[in-house]
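Peer 1: Chain by chain, the residues run as shown.
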Amino acid sequence: MTTLLRIIPARFVVRRPQRMIERHVVAYRRQWLIIVSGFFEPLFYLLSMRAGLGSLVGDVSVAGKAVPYDAFVAPALMASSAMNGAIFDSTGNVLHRMKYARIYDAALATPMSPADVAVGEISWALLRGQLYAGSFLGVMAALGLVQSWWVFMALPACALVGLTFAGIGFAATTYMRGWSDLEIVTTATMPLFLFSATFFPASSYGSWGWVVQISPLYHGVALVRAANTGVWTASVLAHVAVLLAVSIAALALAAKRLDVLLRK
Amino acid sequence: MAHFATPGPLRVMSGHVVAFRRMWKMNVMSSFLQPLMYLLGLGVGVGALVDRNTGSTDTLGGASYVAFVAPGLLVTTAMALAAGESMWPVMGGLKWQRGYHGIAATPLTAGDIVVGHGVWMAVRCGIASAAVSVALALFPDTRSWGLLPAIAISMLVGLAFAMPIMAFSITAELDGAFPAIQRFVIIPLFLFGGAFYPLSQLPVGVQWAAKATPLWHGVEVARWCTTGNVRWAATAGHLAYVALWALVGTVVAVRNMRRKLYS
Amino acid sequence: MPEPLIVASQLVKRFGDFTAVDGIDVEVQRGEAFGFLGPNGAGKSSTMRMIGCVSPVTAGTLRLFGLDAATHGAQIRRRLGVVPQLDTLDTEITVQENLWLYGRYFDLPRAEAKRRAAELLEFAQLTDRADSIVDNLSGGMKRRLSIARSLINEPELLLLDEPTTGLDPQARHVLWDRLYRLKQQGVTLVLTTHYMDEAEQLCDRLVVMDQGRIVAEGSPRSLIEQYSTREVLELRFAAGTNEAAAPQLGGIGERQELLPDRVLVYAADGEAALAEAHARGLQPESALVRRSSLEDVFLLLTGRTLAD
Numbered sequence: 000m001t002t003l004l005r006i007i008p009a010r011f012v013v014r015r016p017q018r019m020i021e022r023h024v025v026a027y028r029r030q031w032l033i034i035v036s037g038f039f040e041p042l043f044y045l046l047s048m049r050a051g052l053g054s055l056v057g058d059v060s061v062a063g064k065a066v067p068y069d070a071f072v073a074p075a076l077m078a079s080s081a082m083n084g085a086i087f088d089s090t091g092n093v094l095h096r097m098k099y100a101r102i103y104d105a106a107l108a109t110p111m112s113p114a115d116v117a118v119g120e121i122s123w124a125l126l127r128g129q130l131y132a133g134s135f136l137g138v139m140a141a142l143g144l145v146q147s148w149w150v151f152m153a154l155p156a157c158a159l160v161g162l163t164f165a166g167i168g169f170a171a172t173t174y175m176r177g178w179s180d181l182e183i184v185t186t187a188t189m190p191l192f193l194f195s196a197t198f199f200p201a202s203s204y205g206s207w208g209w210v211v212q213i214s215p216l217y218h219g220v221a222l223v224r225a226a227n228t229g230v231w232t233a234s235v236l237a238h239v240a241v242l243l244a245v246s247i248a249a250l251a252l253a254a255k256r257l258d259v260l261l262r263k
Numbered sequence: 000m001a002h003f004a005t006p007g008p009l010r011v012m013s014g015h016v017v018a019f020r021r022m023w024k025m026n027v028m029s030s031f032l033q034p035l036m037y038l039l040g041l042g043v044g045v046g047a048l049v050d051r052n053t054g055s056t057d058t059l060g061g062a063s064y065v066a067f068v069a070p071g072l073l074v075t076t077a078m079a080l081a082a083g084e085s086m087w088p089v090m091g092g093l094k095w096q097r098g099y100h101g102i103a104a105t106p107l108t109a110g111d112i113v114v115g116h117g118v119w120m121a122v123r124c125g126i127a128s129a130a131v132s133v134a135l136a137l138f139p140d141t142r143s144w145g146l147l148p149a150i151a152i153s154m155l156v157g158l159a160f161a162m163p164i165m166a167f168s169i170t171a172e173l174d175g176a177f178p179a180i181q182r183f184v185i186i187p188l189f190l191f192g193g194a195f196y197p198l199s200q201l202p203v204g205v206q207w208a209a210k211a212t213p214l215w216h217g218v219e220v221a222r223w224c225t226t227g228n229v230r231w232a233a234t235a236g237h238l239a240y241v242a243l244w245a246l247v248g249t250v251v252a253v254r255n256m257r258r259k260l261y262s
Numbered sequence: 000m001p002e003p004l005i006v007a008s009q010l011v012k013r014f015g016d017f018t019a020v021d022g023i024d025v026e027v028q029r030g031e032a033f034g035f036l037g038p039n040g041a042g043k044s045s046t047m048r049m050i051g052c053v054s055p056v057t058a059g060t061l062r063l064f065g066l067d068a069a070t071h072g073a074q075i076r077r078r079l080g081v082v083p084q085l086d087t088l089d090t091e092i093t094v095q096e097n098l099w100l101y102g103r104y105f106d107l108p109r110a111e112a113k114r115r116a117a118e119l120l121e122f123a124q125l126t127d128r129a130d131s132i133v134d135n136l137s138g139g140m141k142r143r144l145s146i147a148r149s150l151i152n153e154p155e156l157l158l159l160d161e162p163t164t165g166l167d168p169q170a171r172h173v174l175w176d177r178l179y180r181l182k183q184q185g186v187t188l189v190l191t192t193h194y195m196d197e198a199e200q201l202c203d204r205l206v207v208m209d210q211g212r213i214v215a216e217g218s219p220r221s222l223i224e225q226y227s228t229r230e231v232l233e234l235r236f237a238a239g240t241n242e243a244a245a246p247q248l249g250g251i252g253e254r255q256e257l258l259p260d261r262v263l264v265y266a267a268d269g270e271a272a273l274a275e276a277h278a279r280g281l282q283p284e285s286a287l288v289r290r291s292s293l294e295d296v297f298l299l300l301t302g303r304t305l306a307d
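Residue numbers (numbering that gives the first Met the number 0), protein chains in the order written: chain A, 0 to 263; chain B, 0 to 262; chain C, 0 to 307.
Bound conformation, chain A alone (with noise of 0.2 angstroms):
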């Protein structure tokens, strides 16, 4: 018991987290245009449904109230990107940053420690997430898309599933081997966003719509449809309380992989 007391506190203290944040704002001051083209792929998404399948799909029910298509996969598409983004962020990035370029060998020779490094790179994921779901909301209001003054709610729901994603994410990757692992959890997540009440409603599924409540996802894209429409019911909290349970317990495995993983 002593030994693990002793041990315990050193690893997973976390003092400054922000320094790897600043490291990214750095880095990422030369090639900023990286960051805006990730905004765009959420976007080219919902423009193409709405022109294109909008007036062959016609109005789906969403609450009982029939939206326009686009409305409906609006808020899914804003949900899909904090997944994204925070897949993105967590894998390919960190998978580079942790075996090719090697910065978090260089920064846990300093007084940082696995759990700064796990907790910067999580936040820093978040907060381009944020950035990603702001934006799309000023798209969606723009485009006559939102529906009730709850909408803001939004953006902390979609900090849930990029919480949860990144720490899935980051769980996954210090598993990873090499670059081509990364094929796994692009075809590991295409289904997430293909079929998570996305593009159709779960009613879709007819007596097999409680598959979907596997996907994390599906409660993200729950979450961000009820804060659209306004219409809050007490399975809005169940939503939530699957997101935490499944990050925390993602989180907990990352920090404790990489831990193993950076000091051999």
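Fair warning: there could be bad hints in the mix.
To be verified - In silico DMTMM-like pairs for lysine to aspartate or glutamate, Cα to Cα no more than 20 angstroms straight-line:
hint, chain 1, residue 1, chain 2, residue 2
1, A, 263, C, 196
2, A, 98, B, 174
3, A, 263, C, 67
4, A, 98, A, 182
5, B, 94, C, 67
6, C, 113, A, 21
7, C, 182, C, 196
8, A, 98, C, 86
9, C, 141, A, 104
10, A, 263, C, 134
11, A, 263, C, 16
12, A, 98, C, 134
In short, the hints are calculated from the structure, not lab data.
Since chain A is already given, all that's left is putting chains B and C on it; use the hints.
Peer 2: For chains B and C alone, coordinates are given in the frame of chain A:
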């Protein structure tokens, strides 16, 4: 004594085949599972919404939505695969693993390298499209002999993207432009190139932009094949346009490769 | 007398079944330049990572600055400079940014970090490359930047893992000069190397490591005096005949070593040994008399060359 040598491009290609055998599982995922998921998610899932909407079937030329989307996915899969394969691996061959420099030290020419890599990419597109076709043949709505010519069209569209992008990749100094190509060319084409809905749904300006690229022409012809509604004269024109992209791309790529490796 | 800067006793590092460091005792005094000499895989880097407080000690105790490495890692690292074996420079940002951002990891105020960065650019002769992206630097420049970066927190102890491996001779001499200056300023240096000339140039005292253990300890001069003769005669015979020639050298000098490409004869007087070999009718293709080096010490202690 007569000596039957393997043609240069084939010798270059055999190198790619050997490298591919080590990582084919990953490629199965990206080039087979991903389009299949899009087919299920958008084709079947969104299709249910589209098909219940009266009037939509007319807009889609009488086809069900999943039958409309299927050939589009076949061709966009080839486009995405060819684009990825003609960016980082090409830069790797010149800058990182420097495999092209190794080949350049043999009697093979720049043309052999470029055409060899091109043929290999076409084969990859063919394999991926064939795999997706097998899956499509399982569903009554998308089962068609037209899938066979559609596979060939996918290969041609793959080349129409691979060769011009390869020509660019050979001269690129940094890989920073590659994600931008993915984000601002490939993904918009995937979304606005006529795979998921008729171009007539879009504003006229966007329609013309989409029609300028080879993707739409390939999707259009592939769709005629799978829905059994081929317009022969127009087909020839569309395919000639797609082939022109591949051809011009090849010529420029060979020229760039020669300058890079042999001067 | 104050406690030495580093005190390691019965230090062990195991990775699963593999024992990288097998119970070593080391003490390093303040102001000393101390070296770990040994071939690849001897356990030098593992030892350095433990001293750098990034790798937990498996068994034994390790104290730096009077603090326990197991519990006070962050406080110890605050006072260390580390130059790892492979550069961990941030290749996406500039030379200057590498320096001051690293200072921020030590909680230096930004203005102070930038001031020190400017000084260190001077020290590393990189001032004119301050705004270059690190990716575009030569190997020697990157190594100098690594050393400069490790000094941003004005460390009392500098750890250098193979500081000049892979550099050309000129770049090595520039680096040695910079390290020598640091030593004169009172910075304690601990370095690993498998170059005997580097160890002889830089180290006041060193230990020879082999297979996780310390096999000898002392100053470079004293180790050579203790474990080798004053001179060495190197004989090369026609290809494939070294082995046949070796037994015929029996009795010349104190002992012989047969290597794949040559035979070494250890003798106080190399020229006399060569004359004796000629007198026995041996006709080597080349013969060279040189002074003993740490390489010879290592060969005697481990039966292997450092390059293995």
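Peer 1: Decide, hint by hint, whether the structure agrees.
Peer 2: Results of checking the hints against the structure:
1. Between residue 263/A and residue 196/C, the direct Cα distance comes to roughly 31 angstroms. Violation of the 20 angstroms bound is thereby established for this hinted pair.
2. Taken as a hint, the residue 98/A and residue 174/B pair is honoured in the structure, with Cα atoms around 19 angstroms apart against an allowance of 20 angstroms.
3. For the hint pairing residue 263/A with residue 67/C, the CA-to-CA distance comes to about 18 angstroms; that is within 20 angstroms, so the pair holds.
4. With a C-alpha separation of about 17 angstroms, the suggested pair residue 98/A and residue 182/A falls inside the 20 angstroms cut-off, and the hint holds.
5. Only pairs whose Cα atoms come within 20 angstroms are accepted, and residue 94/B paired with residue 67/C is rejected, the gap being roughly 47 angstroms.
6. For the proposed pair residue 113/C and residue 21/A, the alpha carbon gap of about 14 angstroms is at most 20 angstroms, so the pair holds.
7. Pair hint residue 182/C plus residue 196/C holds up; C-alpha atoms about 17 angstroms apart against a cutoff of 20 angstroms.
8. Taking the CA atoms of residue 98/A and residue 86/C, the gap is near 13 angstroms; set against the 20 angstroms cutoff, the hint holds.
9. Proximity of residue 141/C to residue 104/A is assessed by CA-CA distance (about 16 angstroms); at most 20 angstroms being required, the pair is judged to hold.
10. Simply put, residue 263/A and residue 134/C have alpha-carbon atoms about 27 angstroms apart, too far for the 20 angstroms limit, and the pair is violated.
11. The hinted pair formed by residue 263/A and residue 16/C meets the criterion: a straight-line CA distance of about 14 angstroms does not exceed 20 angstroms.
12. Annotation: proposed proximity of residue 98/A to residue 134/C holds, straight-line Cα distance about 16 angstroms (limit 20 angstroms).
Violated hints, listed in ascending order, are 1, 5 and 10; each of the other numbered hints is respected by the structure.
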